[in-house]
Structure formats: C-alpha cells, structure tokens
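Taken in order, these protein sequences are the chains called V and H. The numbers in the numbering used here rise by one with no breaks, and the one at position 85 of the first sequence is 598. The numbers in the numbering used here rise by one with no breaks, and the one at position 82 of the second sequence is 84.
The set of hints was computed from the structure by calculation and includes no laboratory data. Some hints here could point you the wrong way.
Quick look at which bits of chain H chain V covers, simulated, 3 or more residues with Cβ under 8 angstroms [as the list claims (entries may be wrong)]:
1. 12-25
2. 39-49
3. 96-109
Computed from a predicted structure; not experimentally measured. Even glycine gets a Cβ: it sits at the ideal position worked out from N, Cα and C.
Below, each chain spelled out in residue letters.
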Amino acid sequence: QVQLVQSGAAVKEPGASVMVSCQASGYTFRNYAIHWVRQAPGQTPEWMAWINGGNGDTRYSPKLQGRVTLTRDTSASTAFMDLTSLRSEDTAVYYCARVGEPTGTFDYWGQGTPVTVSS
Amino acid sequence: DIVMTQTPLSSPVTLGQPASISCRSSQSLVHSDGNTYLSWLQQRPGQPPRLLIYKISNRFSGVPDRFSGSGAGTDFTLRISRVEAEDVGVYYCTQATHFPRTFGGGTRVEIK
Numbered sequence: 514q515v516q517l518v519q520s521g522a523a524v525k526e527p528g529a530s531v532m533v534s535c536q537a538s539g540y541t542f543r544n545y546a547i548h549w550v551r552q553a554p555g556q557t558p559e560w561m562a563w564i565n566g567g568n569g570d571t572r573y574s575p576k577l578q579g580r581v582t583l584t585r586d587t588s589a590s591t592a593f594m595d596l597t598s599l600r601s602e603d604t605a606v607y608y609c610a611r612v613g614e615p616t617g618t619f620d621y622w623g624q625g626t627p628v629t630v631s632s
Numbered sequence: 003d004i005v006m007t008q009t010p011l012s013s014p015v016t017l018g019q020p021a022s023i024s025c026r027s028s029q030s031l032v033h034s035d036g037n038t039y040l041s042w043l044q045q046r047p048g049q050p051p052r053l054l055i056y057k058i059s060n061r062f063s064g065v066p067d068r069f070s071g072s073g074a075g076t077d078f079t080l081r082i083s084r085v086e087a088e089d090v091g092v093y094y095c096t097q098a099t100h101f102p103r104t105f106g107g108g109t110r111v112e113i114k
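Could you build all of it, start to finish, from the sequences and the hints given here?
What follows is the structure, encoded as structure tokens:
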C-alpha cells in the first residue's frame with residue numbers, strides 16, 4: 514500500500530533552517546510528484562511547492578520563493594523540503610502529499626511533521 | 003490566486019441525516035485540457051487530510067458511496083447522504099487548475 518513517512522517534529526529558533534524528509538513506499542517514486550503543504554494551527558492548508566519524482570523539476574509558491582528548496586533521492590524514494598530564514602509565522606504542521614494520475618490531486622499524505630519556530 | 007469560498011463554516015447534523023457543503027471559486031476551474039481539477043478532502047481531528055472526491059465527482063479508492071460530489075465551472079457541492087459518527091471533521095475543497103493550488107477555508111461537520 515502507498516505510504517509516505519515523514520521525519521519527526523522539530524523546534525527551531527527564528528532565522529534557522531529546517532529540513533523535513535518524506536519517504537515513499539508502495540509505488541514507483543519516479544511516476545508521481547510530491548507536493549508540500551503546510552497547515553498553521555487552526556488554519557486552512559497552504560500549498561508550498563512540488564517536485565517531479567522523475568526529472569526533479571520543481572515549482573514553488575511565490576509567497577515562499579527563495580526560502581524553500583525541494584530535492585529528492587530517487588534511490589531512496591525520498592523527498593526533502595528545506596525551509597530557511599524561519600520566522601514565527603512558519604510554525605505549522607508540514608505535510609508531503611503524492612500527486613499524479615488519475616486524480617491530479619493530493620491522493621496520499623504523510624503523517625505530518627510539526628515545526629515550531631520559537632526563541 | 004484563486005479564492006475558494008466554502009459555506010457553511012459549520013454544519014451540525016443529526017446522525018443518519020444528510021449534509022451538504024458548498025464551494026465557490028473566484029474563477030472557472032475548467033482546465034485547458036478539459037478537466038476540472040476540483041477535489042474534496044476530509045480531515046479528522048489530529049489526522050492528515052484524506053482525499054474523498056477528485057475531478058468534481060469521482061470517489062477515491064475506499065471512500066464510502068454516501069459521499070458524492072457535483073458541480074461545474076465555479077460552483078461545487080459535496081454531499082453526505084447519511085452522516086455517520088466517523089464523518090466528524092473538517093472538509094476542504096481544493097483546486098489544481100490554476101497555479102498556485104489553493105484550498106477553501108473549511109467546513110466543520112459535527113454531530114448535533
């Protein structure tokens with residue numbers, strides 16, 4: 514069965530960086546994209562970015578452009594999200610989600626990684 | 003960005019009764035490829051979102067048939083024919099037609 518397993522919770526100081534990983538299993542990693550979505554406490558989800566599991570192409574939300582970088586390791590079926598210059602507004606649960614055919618949308622989600630930014 | 007407006011904010015429902023959630027987009031969600039990339043997610047308390055419906059009306063694998071989606075253009079609806087206790091949670095519409103992908107504000111379904 515399709516599974517996305519994310520790295521554990523992180524607590525960071527303002528200005529620091531955080532990297533979250535997302536290990537996929539149960540499907541061919543190269544055939545799907547991995548998207549990253551975050552959800553601040555009590556808020557609606559916010560789309561951040563996506564990476565093509567096959568060719569590594571990426572696209573980022575204009576709001577986060579310059580602070581977020583996605584990479585992947587196809588040999589480990591793992592995607593990574595790096596967010597820099599953290600501020601308190603980045604406190605959220607970060608999710609990875611698979612996107613591909615036939616749905617064209619987020620069909621499987623990771624369990625979520627809480628990131629707290631606090632001094 | 004496309005604004006997705008959901009109503010109501012909250013929907014108290016009696017077990018076994020129907021529930022309906024509306025989602026309106028600020029622009030048509032018909033893609034140039036002919037598809038309409040409007041989907042519905044369910045988020046139970048403390049859980050990640052779960053895909054229910056994609057491309058307006060297609061139920062995802064394992065989703066009970068009491069969930070159905072309809073609509074076109076800018077107006078969409080999610081219906082639950084008979085609400086069960088496990089349906090409690092927040093429901094979001096989301097669009098993937100336009101960049102960037104956006105989500106509605108959410109509708110909380112609770113039992114009366």
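Status of the hints after comparison with the structure:
1. 12-25: violated (count 0)
2. 39-49: This one holds; 3 residues, not fewer than the three required, reach chain V with a Cβ under 8 angstroms.
3. 96-109: With 10 residues close enough to chain V, the hint holds.
In this structure, only the earlier hint numbered 1 is contradicted, and the remaining ones agree with it.
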